[in-house]
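**Q** Numbering-wise (numbering that gives the first Met the number 0), the sequence shown opens with residue 0 and increments by one.
Mixed in with the good hints there might be a few duds.
Stated by the list, open to error - Calculated cross-link-like contacts (lysine-lysine; reagent style DSS-like; alpha-carbon spacing at most 25 Å):
1. K31 <-> K55
2. K24 <-> K51
3. K30 <-> K71
4. K55 <-> K6
5. K6 <-> K31
6. K5 <-> K30
To be verified - What follows is a set of in silico ranges between Cβ atoms, one per label pair, in the way DEER data are often shown:
7. T81 <-> K31: 22 to 32 Å
8. K31 <-> I10: 31 to 41 Å
9. A4 <-> K71: 26 to 36 Å
Just so you know, these hints were derived from the structure itself, not from any lab. For every residue, glycine included, the Cβ atom is placed at its ideal position computed from N, Cα and C.
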Amino acid sequence: MLVEAKKEDLISRLGQCVAEMLAAKRFNAEKKNNVSCIYGTVTSGTDWLFLKLEAKCLHIDLTIYPIALCNKILGILANMVTQKA
Numbered sequence: 000m001l002v003e004a005k006k007e008d009l010i011s012r013l014g015q016c017v018a019e020m021l022a023a024k025r026f027n028a029e030k031k032n033n034v035s036c037i038y039g040t041v042t043s044g045t046d047w048l049f050l051k052l053e054a055k056c057l058h059i060d061l062t063i064y065p066i067a068l069c070n071k072i073l074g075i076l077a078n079m080v081t082q083k084a
């Protein structure tokens, strides 16, 4: 899982997070690590967006989760860590 922390507009920061996810996928492939999913997060610390790179398909949840939904955010993060994607 990669976390891209930025201030202000999260949507405009998606590109950098996706680039990091693609780099992680390539790194794992070169090291022969069998990682089927790369997860990404763009956050300002108070707002959160989540991404998933699976094979050649990028999934972006465009819902912005505010920190007030802390339980939801923690649930998503826990699912990323425990999922055998």
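**Q** All hints, please: hold or fail.
**A** Results for each hint:
About 17 Å separates the Cα atoms of K31 and K55, which keeps this hinted pair within 25 Å; it holds. Taken as a hint, the K24 and K51 pair is honoured in the structure, with Cα atoms around 11 Å apart against an allowance of 25 Å. The straight-line distance between the Cα atoms of K30 and K71 is roughly 34 Å, outside the 25 Å bound, and the hint therefore fails. Proximity of K55 to K6 is assessed by CA-CA distance (about 28 Å); at most 25 Å being required, the pair is judged violated.
Restraint check for K6 and K31: the C-alpha separation of about 35 Å exceeds 25 Å, so the hint is violated. This hinted pair does not check out: K5 and K30 have alpha carbons roughly 29 Å apart, beyond 25 Å. For the pair T81 and K31, the supplied restraint of 22 to 32 Å holds, since their beta-carbon distance comes to about 24 Å. Between K31 and I10 the CB atoms are about 35 Å apart, so this pair conforms to the stated range of 31 to 41 Å.
Judged by the Cβ atoms, the range 26 to 36 Å given for A4 and K71 is violated: they are separated by roughly 19 Å.
The structure fails hints 3, 4, 5, 6, 9 (numbered hints given earlier, in ascending order).
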